[in-house]
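**Student:** Dock chains B and C against the given chain A, drawing on the hints supplied.
Residues per chain are reported as follows:
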Amino acid sequence: MFSNATKLTVIAERLLQDRLIDMLYAGGAKGHTLFDGSGKGEHGDRVGDRASVIHDFTIVQIDAVFGKDHQARKVAEEIAEDVFIDYAGIVYLSPVEVIRAKRF
Amino acid sequence: MFSNATKLTVIAERLLQDRLIDMLYAGGAKGHTLFDGSGKGEHGDRVGDRASVIHDFTIVQIDAVFGKDHQARKVAEEIAEDVFIDYAGIVYLSPVEVIRAKRF
Amino acid sequence: MFSNATKLTVIAERLLQDRLIDMLYAGGAKGHTLFDGSGKGEHGDRVGDRASVIHDFTIVQIDAVFGKDHQARKVAEEIAEDVFIDYAGIVYLSPVEVIRAKRF
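For the record, the sequence lines run as chains A, B and C.
Going by the working numbering, the first sequence opens with residue 1175, and the numbers climb by one from there.
Going by the working numbering, the second sequence opens with residue 1175, and the numbers climb by one from there.
Going by the working numbering, the third sequence opens with residue 1175, and the numbers climb by one from there.
Isolated chain A, as found in the complex:
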């Protein structure tokens, strides 16, 4: 009854929220959740020479569970390459098991 699926988690500054959610749905997500938090981390590659500068910032964590692993990977790569070059943030994938795989 359980099926393997892939959860994509993206953590970013709040101003990126709508853009990231659009990218998730364009890439095949059928739902998402968003949580407000705070965080600390390094900036994107374009500010590479200041990469050791650490900033506090308010963040959002957005999760989406993909039934198709390759969709999750593609979206994660797009986010890393198109968004996190310029902005701080991280994206990662986690293995999960879901029920009723057709929903994902």
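Just so you know, the hints here were simulated from the structure itself, not pulled from any lab data.
Source: prediction; values computed, not measured.
There could be a bad hint or two in this list.
No copy is singled out in the list; a pair is fine if it fits within one copy or between any two copies.
Taking lysine-lysine pairs in the PhoX-like style, the calculated list, with each CA pair at most 25 angstroms apart, reads [claimed, not checked]:
1) K1204 <-> K1181
2) K1214 <-> K1276
3) K1204 <-> K1214
4) K1242 <-> K1214
5) K1242 <-> K1204
6) K1276 <-> K1248
7) K1242 <-> K1181
8) K1181 <-> K1276
**Tutor:** Showing chains B and C alone in chain A's frame:
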């Protein structure tokens, strides 16, 4: 010192919070955490012909780590079958490693 | 393009927040996220004879992704041994995959 365990995550509308938490403890959970968030997703099966209708809603995410994998699976199935037939929401399992397995 | 990494999650009473974050960075973390929530769980070992006493409490969940698994394990053990002997809380590890491993 690390032991395998299974984290159950359930994401649902807030009105289901108490019912879901009761189901977790009835199924063997020894603790839980709850976070407020927002989300978007498809409705439950009973509104199947409107399954493509997507609603925004405020949600809670409830996590519980089970030392016994079979307990986590049983509770996840109960939630999927008894609750998410009528209500929007998802439940999924994640592999984790814990310290002091007796606490879980 | 994806690399294996280890996410450390620690859930604790808010008063421990700064101490836990310091331990994460001392152990090699390059960033963290923090979320406010609520929870319920058993107390630490020192109150062992009252271990069945369950308390509600406001909590924080702090996540940090470590590129080096051994660093995550070491910090998790330190937290379990040095902090959660006296205070309620849990720490667990999850397998994740990241992009641009050098950031973690």
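**Student:** A separate judgement is required for each hint: does it hold in the structure or not?
**Tutor:** Each hint tested on the structure:
1. In the homo-oligomer, the alpha carbons of K1204 and K1181 lie at most 25 angstroms apart both inside one protomer (12 angstroms) and across protomers (22 angstroms), since each shortest distance falls under that limit.
2. Only between protomers do K1214 and K1276 lie at most 25 angstroms apart by alpha-carbon distance; the minimum there is 17 angstroms, versus 37 angstroms within a single protomer.
3. Taking CA atoms no more than 25 angstroms apart as the test, K1204 paired with K1214 passes between copies only; the shortest distance there is 8 angstroms, against 29 angstroms inside one copy.
4. In this assembly of identical chains, the alpha carbons of K1242 and K1214 lie at most 25 angstroms apart only when taken from different copies (19 angstroms versus 31 angstroms within one copy).
5. Proximity of K1242 and K1204 under a CA criterion of 25 angstroms is satisfied intra-copy only: 11 angstroms inside one chain copy versus 30 angstroms between copies.
6. In this homomeric assembly, K1276 and K1248 come within 25 angstroms of each other (Cα to Cα) both inside a single copy, at 20 angstroms, and across copies, at 20 angstroms.
7. Taking the closest pair of Cα atoms, K1242 and K1181 come within 25 angstroms of each other both inside a single copy (10 angstroms) and across two copies (21 angstroms).
8. Both within a single protomer and between protomers do K1181 and K1276 lie at most 25 angstroms apart by alpha-carbon distance, with minima of 15 angstroms and 22 angstroms respectively.
In summary, this structure violates none of the numbered hints.
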